[in-house]
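Colleague: Here are the chains, one letter per residue:
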Amino acid sequence: MATWLGWQVESNWTDPFLFAVYVIIKPLATAAILVVMYSIITGGDYESPLFPYIYLGNAFYIYVGAVMTGVSWAVIDDREHYKTLKYMYIAPISIPFYWLGRGVSRFLIGTVAVFVTITAGALFLNLPLNLAEVNWGLFIVSLLIGVTMLAMMGLILASITLMMAQHNFFVGEAVAGALYLFSGAIFPLEVLPAWLRPVGFAMPIAYWLELMRRSLIGEVAQAFPTLARFSNLDLLGILIGLTVVFGIISVLIFRWCDYIARERGMIDRTTNY
Amino acid sequence: MKADESLVYSTTEKVSGWRLFIKTILARSYPRIIGQQREKSWIFFEIFMPMLAVSAYVFVYRAIGAPEEYVGFVVVGGAMTAFWMNVLWSMSSQLYWEKEQGNLALYIMSPNSMMAVLLGMALGGMVATALRAVAIIVLGTILFNVQFTVTSFSQLFAVFLLAMTALYGMGMMTASLFLLLSREAWHISNLAQEPIYLVSGFYFPIKSFNFWVAAAASFIPLTLGLDAMRQLIFPSGAALGFLNVTVEITVLVVLCIVFLTGAKFLLDYMERLAIREGRITESRR
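If you're matching them up, the sequences are chains A and B in order.
Counted from 1, the first sequence has number 64 at position 64 by our numbering; the numbering is strictly sequential.
Every position in the second sequence, counted from 1, becomes a number in our numbering once 273 is added.
No lab work stands behind these hints: they were computed from the structure.
As the structure is a prediction and not an experimental result, all values here were calculated from the model.
Don't take every hint at face value.
Unchecked claim - Restraint ranges, calculated between C-beta atoms of paired labels, are given here:
(1) 375(B) - 18(A): 24 to 32 Å
(2) 244(A) - 489(B): 47 to 55 Å
(3) 311(B) - 251(A): 34 to 42 Å
To be verified - In silico lysine-lysine, DSS-like type, Cα no more than 30 Å apart, as pairs:
(4) 537(B) - 86(A)
(5) 296(B) - 313(B)
(6) 313(B) - 83(A)
(7) 296(B) - 537(B)
(8) 537(B) - 287(B)
(9) 480(B) - 26(A)
(10) 26(A) - 83(A)
Claimed, not checked - Selected chain B positions facing chain A (in silico; Cβ < 8 Å):
(11) 322
(12) 328
(13) 329
(14) 330
(15) 332
(16) 335
(17) 337
(18) 338
(19) 339
(20) 464
(21) 470
(22) 471
(23) 476
Glycine included, C-beta positions come from ideal geometry on N, C-alpha and C.
The task is simple: from the sequences and hints, build the whole structure.
Modeller: And the structure:
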């Protein structure tokens, strides 16, 4: 039901055609910025392994904005905009599951954007994607674990958002922006200053993106030195471990934030910001 | 007992005409200039978030071995995103927010000009955002060691001023269109971020596009403003510029006139239309 509600909130402000355009234009524009930057400097050398690294990293990063920020955005939407969060709280539902359900609708919308972005890359930019060579098992497993990990991170953000007033609009975007920089989504982590690299290696998103790249373009992705010393199984193990850690942290943080928010009367607080 | 004189409504203080117009501009710009500085977390986030995007694009350029001047292009482009965001969220969609909060009807009922209200928002937004843009440029310059070589301060000042006037004029014009919108206002503003960063060349020279694509993108004042500024502050800027700076200044002057005049006419029309269709107090969440 939460997914259905989320889908309605996201999509029923306009007709289906305009909504479809809305869903694909933004990610395509973001990808196009990178493609133009890349082609200006390299003279359109799309054969270089750096290109699929950047392109696929950026494409799958759409899920970070969609799922992680989507879960936390449900708090802002319900509390500040629709003023329905208190009704959700008094309904016989589990609030974390409700938020995760809202995230699922964003995941579905994000999937369309990811699919269109990758398809555009394969059709027009020589992205070396051969469907017969794709490691589908690794792809599906990595995607499922990754989305679960993003949902757990989203739950942490949603819990923190619950306790915030006028800055809550920025939190999701700031975290997504920081992860875009530190997770090696659009450039190898070696490019970061040495003292910043450990931040990237501590982020599960870096391992997840590497797995997604490897599952789709195999050897091309493994050519990069960043995580070359890890096998696919190593990466999966790290990703699962970090997902479990984030899952435990998200439950603990939710319980604490939920308690504080109830105690301080923040569940139905609107700020008009 | 004598009443406190400061609490007595005085009819002698009534102002009208240009005085009211100027007072309205100043009154509406006050919360933008003063109020926005009071919320310290906003200042932090409004500088921090563009810096994240700037840093990411700088590292992309470094990963693909771009000349260092491109790093400067990104820093300047990143600073200008602050103005675009301000125009989108605090100018264009402002009347939608005011409608949602019930203030729009009060604006229209009050005996002042809506044009003055929008000019006040523009003036205040421009000043407040300029502080953030300067902070982004300073931070970017320090972090990424950007070198500037200004060839003409007077032209640079003129370009900036004209680009801002045209940009905020455009914001005033679109604000009147947003008067008719409800929930879709948020989505339209959201949609007008990355595509505009792309077509206006926020992170690369607009010359990279086909001439006609760049010419069409020049309808957005920041396109030519950014291109001219880059030509004036980077040694290789002129070689990567789309048009001659003088031509770009002339086009910006035309855009200023078009957008400010358009804003006046469109605002009058949309206000009448919104009142007639009963959309001033409408709140379709």
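Colleague: With reference to the structure, classify each hint as holding or not holding.
Modeller: Results of checking the hints against the structure:
no. : hint                        : result
1   : 375(B) - 18(A): 24 to 32 Å  : holds, 28 Å
2   : 244(A) - 489(B): 47 to 55 Å : holds, 51 Å
3   : 311(B) - 251(A): 34 to 42 Å : holds, 37 Å
4   : 537(B) - 86(A)              : violated, 43 Å
5   : 296(B) - 313(B)             : holds, 27 Å
6   : 313(B) - 83(A)              : holds, 26 Å
7   : 296(B) - 537(B)             : holds, 18 Å
8   : 537(B) - 287(B)             : holds, 25 Å
9   : 480(B) - 26(A)              : holds, 22 Å
10  : 26(A) - 83(A)               : holds, 28 Å
11  : 322                         : holds, 5 Å
12  : 328                         : holds, 5 Å
13  : 329                         : holds, 5 Å
14  : 330                         : holds, 7 Å
15  : 332                         : holds, 5 Å
16  : 335                         : holds, 5 Å
17  : 337                         : holds, 5 Å
18  : 338                         : holds, 7 Å
19  : 339                         : holds, 4 Å
20  : 464                         : holds, 6 Å
21  : 470                         : holds, 6 Å
22  : 471                         : holds, 5 Å
23  : 476                         : holds, 6 Å
When held up to the earlier numbered hints, the structure conflicts with hint 4 and nothing else.
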